[in-house]
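Kindly produce the complete structure, drawing on both the sequences and the hints.
Protein chains: 2
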Amino acid sequence: MVFKLNNHLLSMIASGNGHGEDSPYFEGWKAYDSNPHHPMENPNGIIQMGLAENQLCFDLIQDWLKNNPKASICTHEGVNEFREIAIFQDYHGLPEFRNAVAKFMAKVRGNKVTFDPDRVVMNGGATGAHETVAFCLADPGEAFLVPTPYYPGFDRDLRWRTGVKLIPVVSESSNNFKVTREALENAYEMAKLDNIKVKGLLINNPSNPLGTILDRETLRSIVRFINEKNIHLVCDEIYAATVFSQPEFISIAEIVQEDIECNLNLVHIVYSLSKDMGFPGLRVGIIYSYNDAVVSCARKMSSFGLVSSQTQYMIASMLSDDEFVGKFIRESKTRLAARHGVFTDGLAQVSIKCLKTSNAGLFLWMDLSGLLKEKTFEAEMALWRVIIHEVKLNVSPGCSFHCTEPGWFRVCFANMDDQTMQVALSRIRTFVNKDVDTKKPKRTLRWQGSLKLSSPRIYDDFINSPRSPLPQSPLVLARN
Amino acid sequence: MVFKLNNHLLSMIASGNGHGEDSPYFEGWKAYDSNPHHPMENPNGIIQMGLAENQLCFDLIQDWLKNNPKASICTHEGVNEFREIAIFQDYHGLPEFRNAVAKFMAKVRGNKVTFDPDRVVMNGGATGAHETVAFCLADPGEAFLVPTPYYPGFDRDLRWRTGVKLIPVVSESSNNFKVTREALENAYEMAKLDNIKVKGLLINNPSNPLGTILDRETLRSIVRFINEKNIHLVCDEIYAATVFSQPEFISIAEIVQEDIECNLNLVHIVYSLSKDMGFPGLRVGIIYSYNDAVVSCARKMSSFGLVSSQTQYMIASMLSDDEFVGKFIRESKTRLAARHGVFTDGLAQVSIKCLKTSNAGLFLWMDLSGLLKEKTFEAEMALWRVIIHEVKLNVSPGCSFHCTEPGWFRVCFANMDDQTMQVALSRIRTFVNKDVDTKKPKRTLRWQGSLKLSSPRIYDDFINSPRSPLPQSPLVLARN
Ligand SMILES: Cc1ncc(COP(=O)(O)O)c(C=O)c1O
Ligand SMILES: Cc1ncc(COP(=O)(O)O)c(C=O)c1O
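Chains as they are written, first to last, in UniProt numbering: chain A, 1 to 480; chain B, 1 to 480.
None of these hints come from the bench; they were simulated from the model.
Do not take every clue at face value.
Given that identical chains are not distinguished, each listed pair holds provided it fits within a single copy or across any two copies.
Pairs of lysine to aspartate or glutamate, DMTMM-like flavour, derived with a Cα cap of 25 Å [said to hold, decoys possible]:
no.	residue 1	residue 2
1	K30	D292
2	K197	E261
3	K333	E81
4	K30	D118
5	K197	D139
6	K30	E378
7	K356	D194
8	K30	E96
9	K70	E81
10	K434	E378
11	K327	E81
12	K434	E254
13	K392	D90
14	K30	D90
15	K229	E254
16	K333	D345
17	K229	D259
18	K333	E84
19	K229	E182
20	K356	D215
What follows is the structure, given as structure tokens:
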């Protein structure tokens, strides 16, 4: 007897592609996976610059672990705690964990604000935290505004299983991609015309992919906007500790404690240790809400994505070591600043500009619009393919972040060692110099050649959709 | 300026009570929390017998950890792996983890079946796994059949955020709560009359709360049923390794590899290390589906509830140690059998019967119907309150499992040491003897007294709803 797979057997969610993985960006991952760079074994392989990972300070972490064997329930020194921790399953989390996280969140924000451990709700990474917040705040069909360019994971996390919509708020290079009141109003009015109920505004500060932070005036204007409209404000601050130079990071927590009119029930922070500590594998996500009902509901929902108690225990010990945390945060900023400096200087030598207001994050927002054949996203994708297949760097094209101006690329710089970064830099320099030397017609031809390699359908899929699927590899989904 | 909390600000899910925590069973947790038993410090406190935890073999685990320091990324011996593991975030999981889990699942099933590591999808406990399966298989409003009595967490896990319905399939004490074809057909037809589309059948084998396993004939009849109806079969086998005496456990994996007509695309197993290993805090849940599309979709959804890579690494090492695993499974069964024996014998001395077909699980299904004032759930709740407040044992009333016959109680026996179990037994004996000595009117009066303590609304809420909220403490939700 032969059975056919009947699609009605599965849910609409399972039959659809809201997960966003049927995206053209797969090409970059596939290319990297089949030919990854290795300094000795594969020096001509592709360098992975599409991962917003923070790998610069693991020596500090590993030293700390060696000196603190009691931090683990799997060491001689800590194993007597194993039983109690392995059976611990309270969705409030270990009290030590919540306290340590609350303290860490304050420290990362220069101790200008405090966080109440009782409002700290854990979840499976910021990924799980975002979905949970969306489930708490909006019904299917309702929407959040999101300034562009934005982290493509939002399309999956806030929308896929919740049925919630995202509406882009356009920002532009002419003012360094600032979020303006005008753009917010525009997006809000557009939604109204479409009969879509806007439930909130999602901001990401510091921004992935821009590497910029929001200034105080912008933050205040955002708070005024959401209060006037009576909609929620979700602030993803998972890059808070990566602000490596002046001006300093200003958390939304600082703004709402200012003398500003604000309904605190509307304000929610999403946080995680994936970027600031560099632990994406440990899946430590945090929702910090000023709204009691959201704290309570999110905590119940956290049952679907609790942090492993083994990990809670280790993190609690690590983050409650004040001296270590202070040193780690300082050193991490220093190393990020150095890396950022070397990289931008290297690019400047061949006249490549990056968004100059960037002073945070694990990436640069690189302007290659001057190298585009024409000012279109097709040309951006063509250039992207050249960068992957010829320059052999897996960077991310701006369109994957819903950027509305072609020619921008996000380049991650903290997921590799110094040597690899130098290789990457020299490849870029060689490419640009060669490209400048080459006459226009030739360059055009070469790019058109690359273009032909892929089916035009891929472009259509992508370019036609302002809220297109996210650029993630089916192989390594959550890394971005 | 004063702001009022506007309920429309939140989602319908957040405003509703689908989380199931507004339940009368909270009383038991509250009583336990405010007066927990301790052999020295509070010998007259309440003994917690409402937690299906497996605490009998932690000595073996702790010994293993001491002998295997490389299993942890937080030991001197293992710390060099820390960086690689902390940044590992592939939703396929560590290959070693998937392999070890697949091997373990086979071993637990007597190696009569094998599992393909590529079909092993991780998730945040069986809790997350169930929700994910529901999201994959059914649209809002569609339903799963579930034989009663059943684990109350299903009401939250499968329904709350998915909008999926559960329809009880009634089983009865007269045939030891067996799942019959007739009852399945009845429930299916009832759903049809209500215009509800049945998408699947959820079984829990071994059963919480019954402690029974399904025999081969019942399993075959279930497979025939779901194939005839072309609906899914989700088998929660998280108590697989707790089968401590003959007959042996038969996994659905064994049935579908028999010479039986079965569309494998319909069959999905949910598993977890919370019960068999006793690690609920580590949140290791597994979906094993024979349906490729479900594997692929569930894996994408697992982004919301990945297992901490630190925990994956440790579990991979532990479960790939064949000798240890063999010894652990054997020893665990031996200790569960002994505990079960002592407990049932102790109850038999005062003529309390338990479901006699039980040979699995971490609990007994105790028949106190003879002690009910009348054969109603009000009387069951009254007796339950006496057991909590006077006998000082926090057990779980049958109605919390949607049992359709009053008088049954689930009593967990593996979450305490021998001494505490003896205290619990002697309390039960004292109570029953006293109760037998006391004349009827007096007993009735006392119980009515207890009844008055709580508002009748609580009963109404609960008794009127066949799919009532789950009995979980807001304090310690996930423990059950
Ligand atoms: C802005 C932003 N939010 C959320 C996430 C997801 O983080 P997590 O690993 O904590 O799920 C990322 C990861 O790249 C991100 O850049
Ligand atoms: C039958 C059943 N399924 C699922 C669960 C949830 O298990 P986990 O801790 O893996 O989420 C439980 C917990 O009691 C259970 O008894």
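Looking at the structure, which of the earlier hints fail to hold?
As far as the earlier hints go, 7 and 12 are violated by this structure, in ascending order.
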